[in-house]
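Colleague: So you can see what is in the structure, the chains are spelled out below.
Protein chains: 2
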Amino acid sequence: MGSFPADFASALARDFPPDFATREAGDLVEYGKDWTKVTPPAPSAITFPRTTTDVSRLIALCNAHGVAVVPSGGRTGLAGGALAANGEVVVSMSKMRRMDDVDLLGSAVRVQAGAVTEAVHRHVAAHGLSWPVDFASKGSSQIGGNIATNAGGVKVIRYGLTRTWVLGLQVVLASGEVLELNGALEKNNTGLDLRQLFIGSEGTLGIITEATLKLTRLQQGLRVFLFGVSDLAAVLALFREAKRAPFTISAYEFFTDKCLARLVRHRALRAPLAQPSSHYVLLEAETDGTSDALEAWTTSLFERGLIADGTMAQHGAQAAELWALREGISESLSATGLPHKNDVSLPIAALEAFCAELESVFGARYPGWEICLFGHIGDGNLHINVMKPDMMDKASFLAKTKEADHDLFALVKSHAGSISAEHGIGLLKKPYLGYSRAPEEIALMKAIKRTMDPKGILNPGKVIDD
Amino acid sequence: MGSFPADFASALARDFPPDFATREAGDLVEYGKDWTKVTPPAPSAITFPRTTTDVSRLIALCNAHGVAVVPSGGRTGLAGGALAANGEVVVSMSKMRRMDDVDLLGSAVRVQAGAVTEAVHRHVAAHGLSWPVDFASKGSSQIGGNIATNAGGVKVIRYGLTRTWVLGLQVVLASGEVLELNGALEKNNTGLDLRQLFIGSEGTLGIITEATLKLTRLQQGLRVFLFGVSDLAAVLALFREAKRAPFTISAYEFFTDKCLARLVRHRALRAPLAQPSSHYVLLEAETDGTSDALEAWTTSLFERGLIADGTMAQHGAQAAELWALREGISESLSATGLPHKNDVSLPIAALEAFCAELESVFGARYPGWEICLFGHIGDGNLHINVMKPDMMDKASFLAKTKEADHDLFALVKSHAGSISAEHGIGLLKKPYLGYSRAPEEIALMKAIKRTMDPKGILNPGKVIDD
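Just so you know, the protein sequences line up as chains A and B, in that order. Be aware that the first sequence starts at 32, since it is given in this note's numbering, and climbs by one per residue. Be aware that the second sequence starts at 32, since it is given in this note's numbering, and climbs by one per residue.
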């Protein structure tokens, strides 16, 4: 539980500039929340450091007074990790947006944690380079948040998670000490790689203030396909083919007819393929620019009955239209009903059995609930959205989803999957952590947390209970 | 300091099969050492578990009796990380070599820690797949050791370090508890990624018993070039060009004329290029199989004066010959003199200044010492070998190298580099850790070590002092 003692308040006013902190009601609501809407925000104050020194001094002060802090980035999280609901002091990184010049020889750039993901993309694209962490909320999300949540997205199958694209981190510990971890080095085997601890720690071990990002060449020769297939087995059979095909898979996404129906309704679109299918695959392929091998490959898919229908974007605008189908699903589900969202992952080899059991268990226990499946299936990552039945009131549905989540996560556990593939644990998934992590693992996480934050001031109550 | 109490010895004899442990003098020497030769091995016993349960029971017993253990793989380490010099019990993984069937859909394979790196390569190559961790000692090194040292090698520029290619780990903690970390999942954002802690921990936090390895497609269309250039600036200018070229860089290695001279002498070779140069670059490029763009690119390098001479391997045997130049250096240095080895990395942008200062400092303070430079320069990784001058006796040289190491590492530190890019810290580099890691980092490493191994039984005295 956060506290805001009077002597802390006076030290804050005395030691920092007048615009450093705000306690104005609108600001408290705005900066105290993320994209989740389950718990109302209730922080004590919002602070706006401009430098790492500001963060360090602030955290040292909070630690001295036992004041809880919540680091806050672009506030696009989906698990309540940046939610301040208990009188905490929010540390907003929104005034720490510096981006250094791009290091062209080392293919790297150092930025402050508050730099917006898409701004970094633009900054480095000018040099033909890319920071290949890419997802729908990139226009708001910040680098610090990307790293603290080990963000995923649509390019993981090609490039891996955010973890792969961080060379160095500057982190402020609970004591206020500043660590510079790994600098700009690709290789550095000098004991524990502490940088890895902070990536994905959701602000519970330290506050990321700057990062040196690893860059790669901008992708070229991308081709986008949409295929219709008969079932999930066909989605996976096609995936196996694509992995052997004469190109590099850049994205392998899928959605079902139920998702498409709501998308077509919400956006008043025409169906993208002449023949309706139950499952759709969006495949992005990185090619050498020539199309011959690609066309031969597609033809052979038809001939062998691996796809029912398909189309290849002929130019950039068509590619964007196909991508809009996949990326418009989340919005369309919310616009046409009340979805309850989950984000799980499974070993790819377990996907088919898992989905069959999911249908069977939910069909029996939650009849009439529409299940909309989509996601990054090439990574084993399913976004599972169950829609509130029209005849059911919202409160009953939300109450019932808690029971359904236990059923879902028990299935996930039985197939050695993850209850949160990319969204993190935050507050929302904390009660279910045990479905993916053993008691010994959780005990070890808690021990490390206590070692690094003995007073428990850093994002308390997130991920694990203290 | 290890101990071997009588009640521990009797429990070992009572609770395990007769061939589980040996105290025979030859075995103690053989299994108690790695490739370093500085400190003589002196373990108390060597154990040969066959299963994770064996390891778990053994470690629990050691923990109960306060007996120190040293995990041991292929014993090819270059930093003394697997050296048992103080009466420890060695846990050899050499009887844990099981490799499961390859998961073709998930592109993964689970193996025991004692599986030999090259055996894993062969096991998965049968399916057109690769575990792309590749280095000279792969015929002896084991997967557990690769992971515990976060091994590097010749493909890091293309594929990253070992860390990138480990999906799941099974680890035995100091208590004997067994953790299954991350299973076979690509995406799993459920709190701290504990798997990352063990990768590169050199056996100080737990013993890796099994791993699920991530696989990728076998490389195809590889082309190998050798270029001669005038200086290090030209090596880096060529690197910048290669990063923009119409292919993917698969390896970017370099060596100097001093390395080549010793290689040519040792192996009685002809010079690989007509025109001698001071610096040589081995470039491996992953192409789409066609040569036109590649030849145009090479021609333009000549025209623009970026290279002095060069050759492209016309077939596999020639490619192997070019690679043998690079991979034969280490052996040739040892065969033609007494090298003192270091393995440092720098931000690529700092390489030129660093090498100039290295030459100047060593020229002034250690006149007559030949410096042989080679390594994975595309990763910023330099293997720096200084050769004992003929006129100097071995003992004086070795004593003097300790002083020279401080000079070298001070230079590395001043350019924010790493004193151990891939070899790890082990015993040999421990006195120098402070050149690459801040006191706050070392304190945090020690705190984590104490939390996870309170009795300090796991590879004590390695990496950090307890």
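Any given hint might turn out to be false.
All copies of an identical chain are treated as equivalent in the list; a pair is satisfied when it fits inside any one copy or across any two copies.
What the hints assert, rightly or not - Here are the simulated lysine-lysine pairs, BS3-like style, with alpha carbons at most 27 Å apart:
1) K245 with K274
2) K245 with K444
3) K186 with K274
4) K68 with K274
By construction, these hints were calculated from the structure, which means they are not laboratory data.
Colleague: All hints, please: hold or fail.
Modeller: Tested hints:
1. K245 with K274: So K245 and K274 pass the 27 Å test inside a copy (26 Å) and across (14 Å) alike.
2. K245 with K444: Classified as between; 21 Å across copies, 34 Å inside a copy.
3. K186 with K274: both (15 Å within a copy, 21 Å between copies)
4. K68 with K274: neither (39 Å within a copy, 45 Å between copies)
In this structure, the one hint that does not hold is number 4.
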